[in-house]
Amino acid sequence: MENEKERIITPFLSVKDLVVEYTSEGEVIHAVNGVSFALQRGRTLGLAGETGAGKTTIAKSILRILPDYSATIKSGEIMVEGQDLLKLPVKEMQKIRGNKIAMIFQDPMTALNPVLTVGKQIAEAIRLHYGVSKKEADKRTIEMLEMVGITGERFSEYPHQFSGGMKQRVVIAMALACRPELILADEPTTALDVTIQMQVLEMIKNLRNEFNTAMILITHDFGIVAEVCDDVAVVYAGEIVESGSKEDIFIRPSHPYTQGLFASIPRIDSDTKRLNPIVGMPPSPVNLPQGCHFSPRCPRATDECRGEPIAMKELTPGHFCRCFRVE
Amino acid sequence: MSTPKQAKAPTQRLKKESQSLTTFKKVLQNKGALLGMIIICIIIFCAIFAPWLSSYGYADIDVKNMFAKPSWEHPFGRDELGRDILSRVMYGGRFSLQIGFYATAIALVFGITLGSIVGYCGGNVDTVIMRIMDVIQAVPGMLLSISISAVLGTGMIEMAIALGVGNIAPFSRILRGSILTVRKSEYLDAARADNTGALRMITKHILPNSISPIIVQATLGCANVILIASSLSFIGVGIQPPNPEWGAMLSAGRAYIRDYPHMLIFPGMAIALTVLSLNLIGDGLRDALDPKLKK
Amino acid sequence: MWIYILKRLLWMIPIILGVTILIFTIMYFVPGDPTSTILGASATPAELAAKREELGLNDPYITRLLNYLKDVFLHFDFGKSYLTSRSISLELLSRFPRTILMCAACIGIAMLIGIPLGVNAAVHHGGAWDTASMVLALIGVSMPVFWVAMLLVLVFSLYLGWLPSVGYTSIQHYILPCIANSFSSLAMQARQTRSSMLEVIRSDYITTARAKGLSERRVVFGHALPNALIPVLTIAGSNFGKMLGGTVVIETIFSIPGIGSYMISGVTGRDYPVVQGSVIFLAIMFGLIMLLVDLLYAAVDPRIKSQYYRKRVKG
Chain L
1 MENEKERIIT
11 PFLSVKDLVV
21 EYTSEGEVIH
31 AVNGVSFALQ
41 RGRTLGLAGE
51 TGAGKTTIAK
61 SILRILPDYS
71 ATIKSGEIMV
81 EGQDLLKLPV
91 KEMQKIRGNK
101 IAMIFQDPMT
111 ALNPVLTVGK
121 QIAEAIRLHY
131 GVSKKEADKR
141 TIEMLEMVGI
151 TGERFSEYPH
161 QFSGGMKQRV
171 VIAMALACRP
181 ELILADEPTT
191 ALDVTIQMQV
201 LEMIKNLRNE
211 FNTAMILITH
221 DFGIVAEVCD
231 DVAVVYAGEI
241 VESGSKEDIF
251 IRPSHPYTQG
261 LFASIPRIDS
271 DTKRLNPIVG
281 MPPSPVNLPQ
291 GCHFSPRCPR
301 ATDECRGEPI
311 AMKELTPGHF
321 CRCFRVE
Chain Z
1001 MSTPKQAKAP
1011 TQRLKKESQS
1021 LTTFKKVLQN
1031 KGALLGMIII
1041 CIIIFCAIFA
1051 PWLSSYGYAD
1061 IDVKNMFAKP
1071 SWEHPFGRDE
1081 LGRDILSRVM
1091 YGGRFSLQIG
1101 FYATAIALVF
1111 GITLGSIVGY
1121 CGGNVDTVIM
1131 RIMDVIQAVP
1141 GMLLSISISA
1151 VLGTGMIEMA
1161 IALGVGNIAP
1171 FSRILRGSIL
1181 TVRKSEYLDA
1191 ARADNTGALR
1201 MITKHILPNS
1211 ISPIIVQATL
1221 GCANVILIAS
1231 SLSFIGVGIQ
1241 PPNPEWGAML
1251 SAGRAYIRDY
1261 PHMLIFPGMA
1271 IALTVLSLNL
1281 IGDGLRDALD
1291 PKLKK
Chain W
2001 MWIYILKRLL
2011 WMIPIILGVT
2021 ILIFTIMYFV
2031 PGDPTSTILG
2041 ASATPAELAA
2051 KREELGLNDP
2061 YITRLLNYLK
2071 DVFLHFDFGK
2081 SYLTSRSISL
2091 ELLSRFPRTI
2101 LMCAACIGIA
2111 MLIGIPLGVN
2121 AAVHHGGAWD
2131 TASMVLALIG
2141 VSMPVFWVAM
2151 LLVLVFSLYL
2161 GWLPSVGYTS
2171 IQHYILPCIA
2181 NSFSSLAMQA
2191 RQTRSSMLEV
2201 IRSDYITTAR
2211 AKGLSERRVV
2221 FGHALPNALI
2231 PVLTIAGSNF
2241 GKMLGGTVVI
2251 ETIFSIPGIG
2261 SYMISGVTGR
2271 DYPVVQGSVI
2281 FLAIMFGLIM
2291 LLVDLLYAAV
2301 DPRIKSQYYR
2311 KRVKG
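Chains as they are written, first to last, in this note's numbering: chain L, 1 to 327; chain Z, 1001 to 1295; chain W, 2001 to 2315.
Chain L on its own, in the form it takes in the complex (with noise of 0.2 Å):
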């Protein structure tokens, strides 16, 4: 019984105090700093932050695909179902790539190898992971390419054949392919025609709902956020300075950052003249403001802000806040 409460309590994924830098021209770049957050099961988690706040990097350090000539994962912990990802040899981890957890690139016209077949770039990863014969994973390809509203006709086309969001659709056709529990999706209407968005981001939904799979959605867009998103975690400066339900995230935004990014989206309902953006740029992650990172361009920033770093402050159940200036 008591067994049976932890598994369900225990959360799928379960990152803890991660910390990446990347080494350039000699200068170190903090890309992330101290990230926690947990997923469950089934569940939808929206990263959102503005381009540069290192969301990228989370979901890359998750799948440990960032550039090792240039990036570290210094310390941290990513445990799923038990497994810390990041003590794992790395012939474990191919094991559970494209497998167990799966991603979703931001820019199709540069994610798809242009000297092979769509259909084979996503029949390798099903006999890699299933191990069957190259006809059963022919087969299981079409019906994957069919699933995302490609004619199975189309397997023995080159990515250049195909438009941006024909191209999208065979990315999470292959990320999709072994049925991952987990998928990590980086921005993946960013690069399209407002046009299709709409429509990949329905499929998307709709082969999550069908596959259940937990899912991390990495996106700027407060819109999509609210379409597809179970929980919210605002990411600022390599920080998550709010995490909650979503319900908590849009009724009640705490972080003056948040707070700012909602007040900066023109509303269409009432008659705005001006825009409100965010006062100021954000920090150069090489260089890092003392403190709470956001506290140059916050409103309500004291000298306290500006001294200690800011731990994180639970409002309500699973609302989360890193400011002790909330109202």
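No lab work stands behind these hints: they were computed from the structure.
Just so you know, not all the hints are guaranteed correct.
[Unchecked claim] Below, in silico cross-link-like pairs of lysine to any residue (SDA-like), each with a Cα-Cα straight-line distance of 25 Å or less: (1) Lys120(L) - Ile2304(W); (2) Lys16(L) - Asp84(L); (3) Lys1026(Z) - Val286(L); (4) Lys205(L) - Met109(L); (5) Lys1025(Z) - Ser2195(W); (6) Lys246(L) - Met312(L); (7) Lys120(L) - Glu2199(W); (8) Lys246(L) - Phe222(L); (9) Lys134(L) - Gly152(L); (10) Lys134(L) - Arg2217(W); (11) Lys2007(W) - His160(L); (12) Lys100(L) - Asn209(L); (13) Lys120(L) - Arg2202(W); (14) Lys1026(Z) - Glu2199(W); (15) Lys1031(Z) - Ile2139(W); (16) Lys1026(Z) - Ala2132(W); (17) Lys91(L) - Leu2198(W); (18) Lys91(L) - Glu2216(W); (19) Lys87(L) - His2124(W); (20) Lys120(L) - Gln106(L); (21) Lys2007(W) - Ile1136(Z); (22) Lys2070(W) - Trp2011(W); (23) Lys1064(Z) - Arg1254(Z); (24) Lys74(L) - His2124(W); (25) Lys1031(Z) - Ser2195(W); (26) Lys313(L) - Val326(L); (27) Lys100(L) - Leu66(L); (28) Lys2080(W) - Leu2066(W); (29) Lys95(L) - Glu2216(W); (30) Lys135(L) - Arg2217(W); (31) Lys95(L) - Asp2204(W).
Once you've looked at the hints, dock chains Z and W against the given chain L.
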């Protein structure tokens, strides 16, 4: 009215200075390029100051001591006529370096001119001239140089022409490409709106765009010219004995390879070091000037 | 696909014609009167004049050019040697197999050793192997081919006695020449492969391949290498041109009776039709090889292949 104009000029000049200075610094940081620059400076120095550096003339024949092995007085040994090989190697640098310089200069001047004409005129002129360039480039460099040498004969200027002609095409393509890029880009419309004249266009937009590939091509092209020049001398088409050209020296030494290998080693090493140093510098320049390349 | 082949062929023809015209025009200006070479010192002025008329040397440039083009392309006749009065075409044909086989062997060596070296250097980027092989490659590219040849002869033929230095009858005779000629191309191929691989390995689709859980070996050889080879193939074509230049020198050093040594004998003997014929012949050979490279290129890169299939409506 005059103050704003004055204020503009110094900052522009400052920006350009720091750009070439930073590039130069970047190249110096490249250890290979630094080594290359040191080597080529030594070679140039020896070539220029050979009469003072060598204790023997390059034509001083001493038949009694022919084929002498390397020793303290003659660090590179003596050749088949008793001449001091070290002196001959130092003097030989004059030929290779001059041919390299002149050939590259010819290729540069004609290439840039041709490329500019083609880029400016476009249309049929472009098609015809570029096709001619294609034909010239379709003949392997060595073969083209042999043919031209057959007509012109031996001699430094003749060789420079024979080698320079084959290198015109790359430069013309660089210029042409740069002009076409500037033409297509919005640069042009912005500049026109600014009332910039054609000369300004060239100096401010086209030249900066093409300077880096031109410098890289000139350095690497010079290395290639020196290599082919020595090959031509070796087979009897280029500079001939008794001139102490390195390729010619190797050709003469070939007959004595079995008994007196020292005649082969030093001139060959001189060619290799010269070409190597230019390749190192060219590579360093290319790495420093290519924005895409990051460690 | 056939349209592509046809297009490339149509492109080649004017180039080959152009090359022939170019070389003919250059050699047209060679000074001196060849008739005395042909007939010897004892010929009378009348005989010389008659010979000049017979060879058409008094005709205007255009006539001579058109006659030459007609001879070369319609009758495959490159004329007669000034010194031996024998058919140049026959000589070229008899020497051709030797030269082409040697060049093929050299290209083979250059690619079989150079490409793996380059791949290895790229995969171990920044490591000792990378630095060492690139330094060696740079040195290799800087060494003149005739010097390499003579050093090889010095070591392997004269000191060690393993391989012969002169002759052309057995396979052993070809080992040193082929190594010497492929040295520089090998080095260039290694450098080119390395830089090509380095660029490809940073591409997004390589990250995608890793994210699928493929082994690093699969990523490098199945995903990266096919992409990296495309520019390498292009370079292989121009490498071949440099190799043809090297062949001329190598055949001279090792006394191998190929087209290269034939050309040199023409140069030293002032036998200009021989020089002209050999250069044009080799240039045409080079052109055809470039054509082959273009076709290979199309076979390897699907983006080119599919341009010429029925265009599917992009959906």
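To see whether the hints hold, each was checked on the structure:
1. Lys120(L) - Ile2304(W): holds (19 Å)
2. Lys16(L) - Asp84(L): holds (10 Å)
3. Lys1026(Z) - Val286(L): The given pair, whose Cα atoms are some 22 Å apart, holds under the 25 Å limit.
4. Lys205(L) - Met109(L): With Cα atoms ~22 Å apart, Lys205(L) and Met109(L) stay inside 25 Å; holds.
5. Lys1025(Z) - Ser2195(W): holds (23 Å)
6. Lys246(L) - Met312(L): At roughly 18 Å apart (the allowed maximum being 25 Å), Met312(L) and Lys246(L) satisfy the hint.
7. Lys120(L) - Glu2199(W): holds (23 Å)
8. Lys246(L) - Phe222(L): holds (10 Å)
9. Lys134(L) - Gly152(L): Judged against 25 Å, a Cα distance of about 16 Å means the pair holds.
10. Lys134(L) - Arg2217(W): Status holds; Cα separation ~20 Å.
11. Lys2007(W) - His160(L): Given that 25 Å is the threshold and the Cα spacing comes to 22 Å, the pair holds.
12. Lys100(L) - Asn209(L): With Cα atoms ~17 Å apart, Lys100(L) and Asn209(L) stay inside 25 Å; holds.
13. Lys120(L) - Arg2202(W): holds (21 Å)
14. Lys1026(Z) - Glu2199(W): Measuring from Cα to Cα gives roughly 21 Å; hence the hint holds.
15. Lys1031(Z) - Ile2139(W): holds (15 Å)
16. Lys1026(Z) - Ala2132(W): Holds, at roughly 22 Å.
17. Lys91(L) - Leu2198(W): OK: Lys91(L) and Leu2198(W) at ~24 Å, within 25 Å.
18. Lys91(L) - Glu2216(W): Between Lys91(L) and Glu2216(W) the Cα gap is close to 10 Å, so the pair holds against 25 Å.
19. Lys87(L) - His2124(W): Holds: Lys87(L) and His2124(W) sit about 24 Å apart, inside 25 Å.
20. Lys120(L) - Gln106(L): Distance of about 21 Å is within 25 Å: holds.
21. Lys2007(W) - Ile1136(Z): holds (21 Å)
22. Lys2070(W) - Trp2011(W): holds (20 Å)
23. Lys1064(Z) - Arg1254(Z): Holds, at about 21 Å.
24. Lys74(L) - His2124(W): holds (23 Å)
25. Lys1031(Z) - Ser2195(W): holds (18 Å)
26. Lys313(L) - Val326(L): holds (10 Å)
27. Lys100(L) - Leu66(L): holds (18 Å)
28. Lys2080(W) - Leu2066(W): holds (17 Å)
29. Lys95(L) - Glu2216(W): holds (13 Å)
30. Lys135(L) - Arg2217(W): Measuring from Cα to Cα gives roughly 24 Å; hence the hint holds.
31. Lys95(L) - Asp2204(W): The given pair, whose Cα atoms are some 21 Å apart, holds under the 25 Å limit.
Violated hints: none; the structure is consistent with every hint.
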